[in-house]
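S.K.: So the chains spell out like this:
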Amino acid sequence: MANTATANTAPAHTAVSGNRKWAIGFISAVAFFFILNKFLLPQATTPVQQFFNNWFSLTSMAEIMIWIVMALGLNIIVGYAGLLDLGYVAFWALGGYVAGWLMSPFFSSLQLNFFGNARPGFEFGIHFHMFLVLILGGVFTAIWGVIIGGPTLRLKSDYLALVTLGFGEIIPQFMLNGADIAGHNVTNGAQGIGGLDDVNLFGYVIGTFALPEKFLMVSVLAGAMIFFSIRLRDGRLGRAWLAIREDELAASMMGVPLWRTKFASYAIGAVGGGIGGVGFAILVGGVYADRFNFVISIIILAMVVMGGMGNVWGVVVGATTLAWINSIGLIQVGDLVNNTFGTNINFPSYQFLLFGLLLVLMMLFRREGFIPEARIRMVMNEDKIDDEVSDETKIASN
Amino acid sequence: MIKPIKIGALAVAGALALAACSGGSGSASALVVGTDLPLQGASADASKSTNEVAALVLEQAGGKAGDYTVEIKEYDDSTAAKGAWDDAACAKNAQDHVANTAEVAVMGTYNSGCAKIIIPVLNQAGMLMISHANTYPGLTVEWDKGEPGLYYPSGARNYARVIAHDGFQGTAAAQFLFNEQGVKNLAVLDDTQAYGIGIADAVQKEFEKLGGTVFRGSWDVKQTQGYTATFEKIKASGATAVYYGGIFDNNGVQLVKDKTTVLGDNKAFLAMSPDGFSGYPTLREMPEAEGLWMTFAGKSLDGIIKGGGAPAKFIEDYTAKYGAQPNSSYAVYGGVAMQVILKAIAASDGTRKGVLDAVFAGDSLCLTAEESISGMGFCLSTETGDVDTVTMTLQQMTGGVETDIKTLDIK
Chain Y
16 MANTATANTA PAHTAVSGNR KWAIGFISAV AFFFILNKFL LPQATTPVQQ
66 FFNNWFSLTS MAEIMIWIVM ALGLNIIVGY AGLLDLGYVA FWALGGYVAG
116 WLMSPFFSSL QLNFFGNARP GFEFGIHFHM FLVLILGGVF TAIWGVIIGG
166 PTLRLKSDYL ALVTLGFGEI IPQFMLNGAD IAGHNVTNGA QGIGGLDDVN
216 LFGYVIGTFA LPEKFLMVSV LAGAMIFFSI RLRDGRLGRA WLAIREDELA
266 ASMMGVPLWR TKFASYAIGA VGGGIGGVGF AILVGGVYAD RFNFVISIII
316 LAMVVMGGMG NVWGVVVGAT TLAWINSIGL IQVGDLVNNT FGTNINFPSY
366 QFLLFGLLLV LMMLFRREGF IPEARIRMVM NEDKIDDEVS DETKIASN
Chain R
38 MIKPIKIGAL AVAGALALAA CSGGSGSASA LVVGTDLPLQ GASADASKST
88 NEVAALVLEQ AGGKAGDYTV EIKEYDDSTA AKGAWDDAAC AKNAQDHVAN
138 TAEVAVMGTY NSGCAKIIIP VLNQAGMLMI SHANTYPGLT VEWDKGEPGL
188 YYPSGARNYA RVIAHDGFQG TAAAQFLFNE QGVKNLAVLD DTQAYGIGIA
238 DAVQKEFEKL GGTVFRGSWD VKQTQGYTAT FEKIKASGAT AVYYGGIFDN
288 NGVQLVKDKT TVLGDNKAFL AMSPDGFSGY PTLREMPEAE GLWMTFAGKS
338 LDGIIKGGGA PAKFIEDYTA KYGAQPNSSY AVYGGVAMQV ILKAIAASDG
388 TRKGVLDAVF AGDSLCLTAE ESISGMGFCL STETGDVDTV TMTLQQMTGG
438 VETDIKTLDI K
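The listed protein sequences derive, respectively, from chains Y and R. Numbering-wise, this note's numbering puts 142 at position 127 of the first sequence, and it's gapless, one number per residue. Numbering-wise, this note's numbering puts 170 at position 133 of the second sequence, and it's gapless, one number per residue.
Honestly, the hints are just simulated from the structure, not real lab data. These figures come from a predicted structure and were not determined experimentally. Glycine included, C-beta positions come from ideal geometry on N, C-alpha and C. There could be a bad hint or two in this list.
[As the list claims (entries may be wrong)] Here are the simulated BS3-like cross-link-like pairs (lysine-lysine), alpha carbons at most 30 Å apart as the crow flies:
#, chain 1, residue 1, chain 2, residue 2
1, R, Lys110, R, Lys380
2, Y, Lys53, R, Lys380
3, Y, Lys53, R, Lys110
4, R, Lys350, R, Lys85
5, R, Lys443, R, Lys246
6, R, Lys358, R, Lys85
[Said to hold, decoys possible] Below, a sample of chain R positions facing chain Y; criterion: calculated Cβ distance under 10 Å:
#, residue
7, Trp122
8, Ala126
9, Cys127
10, Val135
11, Thr138
12, Cys151
13, Tyr173
14, Asp181
15, Gly183
16, Gln212
17, Thr229
18, Gly233
19, Thr435
Sequences are here, hints too, so could you generate the full structure?
M.R.: Below you can see the structure in the form of structure tokens.
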């Protein structure tokens, strides 16, 4: 018995220690970029400024944090509960439009201000404080997660994927065509909603050029998402999700309420999309329907799969890598190669080829992702483990 | 498991190594003009051509504007993932323009949506931006509530454009259909995109003002089953002409074919489009496009060449250098925008404020017909940033060619 207890607690202890190390790494990286951009780079020489702006531009780093929030939200649905969602971009859109509706002069016939930061001369519209909008964005998308999840989560695998794909198409189309819904302009259609309020944090206004502060703000969102993802996974609900993911039938036989548990994953996962959507709209200063297309859903899914489904830190690494490649990495690497070898290759135009190649290579050589979750690694390497066990048995019998 | 500390250390070491290897680029004393265009996706060719025209304009000016040496820095506001302009890329570029202290002005953007993101940022930094292709009216004149002030947080203007906004093109189309073609009942379709909706709104507004009746609808690029149902509704509405507010790229082939199938050819049932349908070889080759009326805000490429003089010579020079004509008229207007910027720099003290003041303070900045590579002279309004003279070309598709019928000068 004593041996069994040791065997059970050791991995848990290792996991906690591993999380702590990763958390320290994440916080250190955020602190490094904040201090670098806030205090050091303004004093640095132009070439050094140019280098960091080219390779690690703070606007791109802030965008990466949003992708991390999105990927972690989807990870709850796909990585924890094993439900394939191909329409996650819809939650991003819903979150973004909540920010557009509640932090701008868009609804010009109204004049509501709740600790908001309306620009002088543009007091009309709705101006709520960012904290409230983040909460409302999360709640709104969770409600939509419930509305969509309710009738669809009894479906399985391919069928569920198709329904979520449809949802991911319908919501952005609604946003695109929502300039005239029964005579009301709900989304401003293809023009989008611009002119979002600057964020006012306890009297400190984070203005257009306060990039380090904006970066810190979205990093806190990403940090919160990481924290809740880990806590959820280790809790009762998280264990139920993992049980469903591994074997739905066995989980239900053990008393896990399938529908309710899946439902919770869909609603909670949607919150990530909502919060990320609000954060992204604040970063960009508006919300534009053009962004929300199927490709974005696939990229978020690729972040989860490549990073390591179910592993929070794996997903963080996956999201960081792919978002950086998409934003500046490929352009900079291309420039470096072209300048070094005198070539004239348009690297960004090969992005999908490289993504595809990376996916194929990952599936061939590291199906479990960059940093896999322990259970998924065991499932993926089941054959190897079986072979090793049978080899050991043979040796023992000899 | 890979230790996070190791990853962090490797990343920092790599960054420092690259920083040590990299150096600054460009001449120390040169002023920089940024071009901000979508270099990937469907607009990539048009943007490449625009950058080439802008570069040739600068080259022919000896790389100088007045006493100042000028360089161009190209920015890409698209991502391969989207294959079109990207809001995050636009937001990043806006910050990069401001961060580049040598940069005094921006030429672009191509998409009005991107301009909505960039203008407020440049506005707060006091940087001039001149677009060659943004046609959304609300960027410079009152359109939706709060516009255009929403885009100018400092209260002062910093954005101008060398092309007429959709309001002008829509007005011209509506007046032509109502007054010259006798259409009293018009079907107006939009492609659900920003440009298409803007121009369709403008046509509808003017046509109704003239006393006509409008049936409003749309065609969606994703509607793969075609648009026969939409045209059946138009037939039932009693309309006698249809206006395609949008871009031919957005499933225009299907649209034009379905129109002919349901309503007949363009003689039997008149059809008209904005410049979003001009310059497409596929459209020219379609028999269903014969007789299609079109407007172009400005002079068409053919019109510029036929006009002769310096503009035609410029197109010749371009063709000699790059092996083909500019691939759209917008590219030529990119060159005109560059000419305006160079003139503003020449009249300035070489600072951002000086360049901005050259356009928005004191007298209007003008480009004469002799100076402009489009062959059209204009002055920029110091109040709105719009051109004071709009030349509209009326074209008709005849024998597979977009034939200029006449030009209309709208003051």
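S.K.: For each hint, tell me whether it holds in the structure or not.
M.R.: A quick look at each hint next to the structure:
1. R:Lys110 x R:Lys380: holds (18 Å)
2. Y:Lys53 x R:Lys380: violated (37 Å)
3. Y:Lys53 x R:Lys110: holds (26 Å)
4. R:Lys350 x R:Lys85: The hint holds at about 20 Å.
5. R:Lys443 x R:Lys246: Roughly 24 Å separates the two Cα atoms, so the pair holds.
6. R:Lys358 x R:Lys85: With a Cα-Cα distance of about 14 Å, the restraint between Lys358 of chain R and Lys85 of chain R holds, given a limit of 30 Å.
7. Trp122: holds (7 Å)
8. Ala126: Nearest chain Y Cβ about 8 Å off; hint holds.
9. Cys127: holds (8 Å)
10. Val135: holds (7 Å)
11. Thr138: Holds. Min distance 8 Å.
12. Cys151: holds (9 Å)
13. Tyr173: Status holds, d = 7 Å.
14. Asp181: For Asp181 of chain R, the interface hint holds, since the closest Cβ of chain Y sits about 7 Å away, which is under 10 Å.
15. Gly183: Gly183 of chain R check passes; min Cβ-Cβ to chain Y is 5 Å, inside 10 Å.
16. Gln212: violated (25 Å)
17. Thr229: holds (6 Å)
18. Gly233: holds (8 Å)
19. Thr435: violated (33 Å)
Of the hints listed earlier, those the structure fails to meet are numbers 2, 16 and 19, in rising order.
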